[in-house]
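Enquirer: Required output: the full structure, derived from the provided sequences and hints.
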Amino acid sequence: MEFDDVILGRRSIRGYKPDPVPPELIKEILALAMRAPSSMNTQPWNFYVITGEPLDRIRQGNTERNLAGVPHSREFRIGQPFEGVHRERQIGVAKQLFSAMGIARDDKQQRQDWVLRGFRQFDAPVCVIITYDRVLASSDDTAFDCGAVATALVNAAWSRGLGAVINSQGIMQSPVVREHAGIADDQVIMKSIALGWPDHSFPANAVVSERKSVDEATTFVGFASGA
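Going by the numbering used here, the sequence shown runs without a break in its numbering and finishes at 245.
A portion of the hints provided could be inaccurate.
[Claimed, not checked] Under the rule of at most 27 Å between Cα atoms (straight-line distance), these lysine-lysine pairs were calculated in the BS3-like manner: (1) 113 - 126; (2) 113 - 230; (3) 113 - 35; (4) 45 - 35.
[As the list claims (entries may be wrong)] Cβ-Cβ distance ranges computed for the label pairs, FRET-style: (5) 200 - 231: 41 to 47 Å; (6) 120 - 58: 48 to 54 Å; (7) 42 - 78: 26 to 32 Å.
Derived from the structure by calculation, the hints contain no laboratory data. We treat Cβ as the ideally placed atom computed from N, Cα and C, and that holds for glycine.
Expert: Right under this line is the structure:
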């Protein structure tokens, strides 16, 4: 694909075919993603790529703990709930997804089922857990760098015909993930990425989230008028 086609065409995929993804293809995607920039070339990221029975155990553990009301144990700080325009954007994409899936506002069961899909990594055949080296945990650059590699990863996957969605639901119960993925103690769990072949018949996969305009996001300084 051309670069513009990847950037403009990519969207978050929340419904997948069960077909396996060849490990050689995943390695190719990771090699591309790891060309992402990092602060002073520290490359703080590591990847745990999970499929099959270990991933099923993570799905089960996440679901059971969520239904039991176990508080989340996300290792990367979650921050305060969104407010203002950020909350409006969060609600906006939720409305898009629920509309596509035919989930009514007052349908608590379907809404819970949707949440549980996230804890199951959207039933994708592969889950990529991004971790970073604990010795770098005090640096904000570390989180920035991991965000860069995550973005590069989903774009590289899209360029190869795969879909992905960056999410936090899959790591909200970090003891489950750490146990079944065998994550080393010197790593901090940051994000998870569901990965697989898109199921184009899944309605939510057609949703393209809205973006604010360049004019809203950008301030030009020192340019001639009319820039």
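Enquirer: I want to verify a distance hint. Is the separation of the beta carbons of residue 120 and residue 58 within 48 to 54 Å?
Expert: 49 Å, holds
Enquirer: Please work out if residue 113 and residue 230 have their alpha carbons no farther apart than 27 Å.
Expert: 17 Å, holds
Enquirer: Given the range 26 to 32 Å, decide if the beta-carbon distance of residue 42 to residue 78 lies inside it.
Expert: Distance hint for residue 42, residue 78 holds at roughly 28 Å.
Enquirer: Has the given pair, residue 113 with residue 35, been kept, meaning a C-alpha gap of at most 27 Å?
Expert: 24 Å, holds
Enquirer: Is it true that residue 200 and residue 231 lie within 41 to 47 Å of each other by Cβ?
Expert: Since the Cβ atoms of residue 200 and residue 231 sit about 45 Å apart, the hinted range of 41 to 47 Å holds.
Enquirer: Verify the proposed pairing of residue 113 with residue 126, using a straight-line Cα cut of 27 Å.
Expert: Distance of about 14 Å is within 27 Å: holds.
Enquirer: Does residue 35 lie within 27 Å of residue 45 when you go C-alpha to C-alpha?
Expert: Holds, at roughly 20 Å.
Violated hints are absent here; each numbered hint is respected by the structure.
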